[in-house]
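S.K.: Put chain B on the given structure of chain A with help from the hints.
There are 2 protein chains.
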Amino acid sequence: MTIHIAIDCMGGDYGPSVTVPAALHFLHAHLDAELILVGQTGLIQYQLEKHKTLRSKSFSVHAASEVVAMDDPIEIALRKKKDSSMRIALSLVKAGQAHACVSAGNTGALMAISRYMLKTLAGIERPAFAAVMPHLSGGTTMLDLGANIDCSPRELLRFAEMGHALVSAIEGKEKPAIGLLNIGEEMTKGNETVKQAGELLRASTLNFYGNVEGNDIYKGVTDIIVCDGFAGNVALKTSEGLAKMLGDMIWQEFSRTLPSKVMAALAWPVLRRLKHRVDHRRYNGAALLGLRGLVIKSHGSADACAFEWAIKRGYDAIKNGIQERLARAVEENNGNSAARVLPIS
Amino acid sequence: MTIHIAIDCMGGDYGPSVTVPAALHFLHAHLDAELILVGQTGLIQYQLEKHKTLRSKSFSVHAASEVVAMDDPIEIALRKKKDSSMRIALSLVKAGQAHACVSAGNTGALMAISRYMLKTLAGIERPAFAAVMPHLSGGTTMLDLGANIDCSPRELLRFAEMGHALVSAIEGKEKPAIGLLNIGEEMTKGNETVKQAGELLRASTLNFYGNVEGNDIYKGVTDIIVCDGFAGNVALKTSEGLAKMLGDMIWQEFSRTLPSKVMAALAWPVLRRLKHRVDHRRYNGAALLGLRGLVIKSHGSADACAFEWAIKRGYDAIKNGIQERLARAVEENNGNSAARVLPIS
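Those protein sequence lines, which keep their order, are chains A and B. Okay, so the first sequence: first residue is 32 according to this note's numbering, each after it adds one. Okay, so the second sequence: first residue is 32 according to this note's numbering, each after it adds one.
If you are wondering where the hints come from, they were derived from the structure by calculation, not from laboratory data. Where is the CB? At the ideal position from N, CA and C, for every residue including glycine. One should not assume that every hint holds.
Here are some of the chain A residues that sit facing chain B, going by a computed Cβ distance under 8 Å [as the list claims (entries may be wrong)]:
no.	residue
1	LEU85
2	ASP102
3	HIS166
4	GLY169
5	ASN222
6	LEU273
7	ASP279
8	MET280
9	PHE285
10	LEU289
11	SER291
Per the computed footprint, the stretches of chain A lying under chain B, defined by three or more beta-carbons under 8 Å from a beta-carbon of chain B, are [to be verified]:
no.	segment
12	71-82
13	175-186
14	254-264
15	305-316
So here's chain A without its partners, still in its complex pose (with noise of 0.2 Å):
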């Protein structure tokens, strides 16, 4: 089967000069792809003219005229920009041309955006954004990561189930183990809302671990951590900022003396490999859960190989068949759960 993705290249802070050379460089490594780059054709093709060396046959150019802005009030970027590069790639994941849209955008707009295009699963009224955040021996899907900033503890149980049926679905762990961020392991901790959905995960039929803090996530002590988008995009940007400050202070022991540097030189294939490990582009890409239809966003401040792994990760998520495995599951995870938690709202 060929994947077609369809590409928002006007989205993120650099836009087309920064997505476009993406997509050719994903297209090499992927023969089975197609793409579909969508925005302002006289800027995309100055810089498909540009980067001409990596030119592949397997793309389009879709003309959107319109630009939503990163600072766009969402009230614009939904009712305004009709025809935005955002909003012609998610009209062609919805009008099954595209299997799964990626943007670089402003977050808020795309959230509604999406929500207004798609429609979200039935029983689904908020969808959240879900990425892998690795650890030693695998990695933590980890969700909401900023699509909510209040959730009441039933929309916490909603991302508990999205969060199952991904990972079981990716993974093919029967029953991933789910842990609900706080800042204590006891069941007294935490504020009203996240006791109360600590409640209605132990009720349930998933495989609740109890309460998990910061640290955990990267322990791997479960495959699963659910959370409102405030601490998840907490954790998420602080991860990235630690982790680029501690790669920065490697290269800065290694390249302090005249002998460090010489060190660094014979430790460099060590030094290759761990950089490569670290690297935090390497995990951008998150999935917005919850809708009819797969929309990955990358970060808007990604370069060229950050915004790659964002159209991997789409790819991926599509050769995974994750799309109707979670609308399944969702459906099937609707009926059960809705009756089980309707005494509390």
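M.R.: Structure of chain B alone, referenced to chain A:
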């Protein structure tokens, strides 16, 4: 001046087996300090005997028959255990026999007993945990790190005022820059509390930078970052977890094969310095600000090295006259800002 610090020897996951050797080690490096070891004398004496090569004359043992368990409900710790090591250590601060108290005990209990025993400074309703998060060219003072789960906009303003007083006292900066932790830089981001806190901060005489995100902690964008205790604790614990994992990853890469082990041996001087810089134990110890006395909280899981850093944190704070400066600054701010923030409750 001799620095007197009361040590809650029974607190933490490991009690006297960690706190006593940490205290003895600390005394060897700080000849102007005297420590009061508070707890069950038999257990303390056993550890003193075990570490007799480290014996110093600059300590005394103060008996306390009870122990606040790490999972004791706050009510039990506060109302029932009146002879706990935590409470007795705090009473020594209250009585002026110690300049500060250091504890690795139950956070909720420490917070409650500290408030009860020492009382808050005028105008401060809720003390906050503050600590320095390191970056390449210094550190960012962050509060609250877990004392208060939900915070009102006015409490976030108070944290900013306390952070201001702390950083201007320690670093001699007249107008330290203050950031508000959020999930985007724009003023429209975040929940209602954060938005209102932003308004209060903008209207204040503080040097308010605006919203910052998790990655800004490690860029050193501002001198101070304020947030509620839930988000702060997530940022702190996530950082500890990631730093530990990346440290493990470095050793994993350098011990993977015989050639990489040889490289590690060659690069050892650099790796050792790096290991020292990224060792999160060096950042152990958060000050509980806003009380009429200095309290330092160590991680419950601290080992002797980490606990010694928490004692050092208290020692430095006393040397810098933090408590007096903070009390003075809060008093001054109190008069000014109470009038200013009245419209928003």
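S.K.: Against this structure, judge whether each hint is valid.
M.R.: Hints and how they fare:
1. The interface hint given for LEU85 (chain A) is broken, as the beta carbon of that residue sits about 30 Å from the closest beta carbon of chain B, more than 8 Å.
2. Interface hint status for ASP102 (chain A): upheld, as the beta-carbon distance to the closest one in chain B is roughly 6 Å, under 8 Å.
3. Annotation: interface hint on HIS166 (chain A) holds; nearest CB of chain B at approximately 6 Å, less than 8 Å.
4. Among the interface hints, the one on GLY169 (chain A) is violated; its C-beta lies about 12 Å from the nearest C-beta in chain B, farther than the 8 Å criterion.
5. Below 8 Å, beta-carbon pairs count as interface contacts, and ASN222 (chain A) has one with chain B at about 5 Å; its hint therefore holds.
6. Look at LEU273 (chain A): its Cβ gets to within about 5 Å of chain B, closer than 8 Å, so that hint holds up.
7. For ASP279 (chain A), the interface hint holds, the least distance from its beta-carbon to any beta-carbon of chain B being 6 Å, beneath 8 Å.
8. About 6 Å separates the beta-carbon of MET280 (chain A) from the nearest beta-carbon of chain B, less than 8 Å, and the hint is met.
9. Because the smallest distance between the Cβ of PHE285 (chain A) and any Cβ of chain B comes to about 6 Å, under 8 Å, the interface hint for this residue holds.
10. Taken as an interface hint, LEU289 (chain A) does not check out: its beta carbon lies about 12 Å from the nearest beta carbon of chain B, beyond 8 Å.
11. The restraint placing SER291 (chain A) at the interface with chain B holds, with a minimum CB-CB distance near 5 Å, inside the 8 Å limit.
12. A stretch counts as covered by a chain when three or more of its residues have a beta carbon under 8 Å from one of that chain; for the segment 71-82 of chain A and chain B the count is 0, and the coverage is violated.
13. Chain B is given as covering the segment 175-186 of chain A, and this holds because 3 residues of the stretch bring a CB closer than 8 Å to a CB of that chain, at least three being needed.
14. Under the rule that three or more residues need a Cβ within less than 8 Å of chain B, the assignment of the segment 254-264 of chain A holds, with 5 such residues.
15. For the segment 305-316 of chain A, the proposed coverage by chain B is satisfied: 3 residues have a C-beta within less than 8 Å of a C-beta in that chain, meeting the threshold of three.
When each numbered hint is compared with the structure, violations occur for hints 1, 4, 10 and 12.
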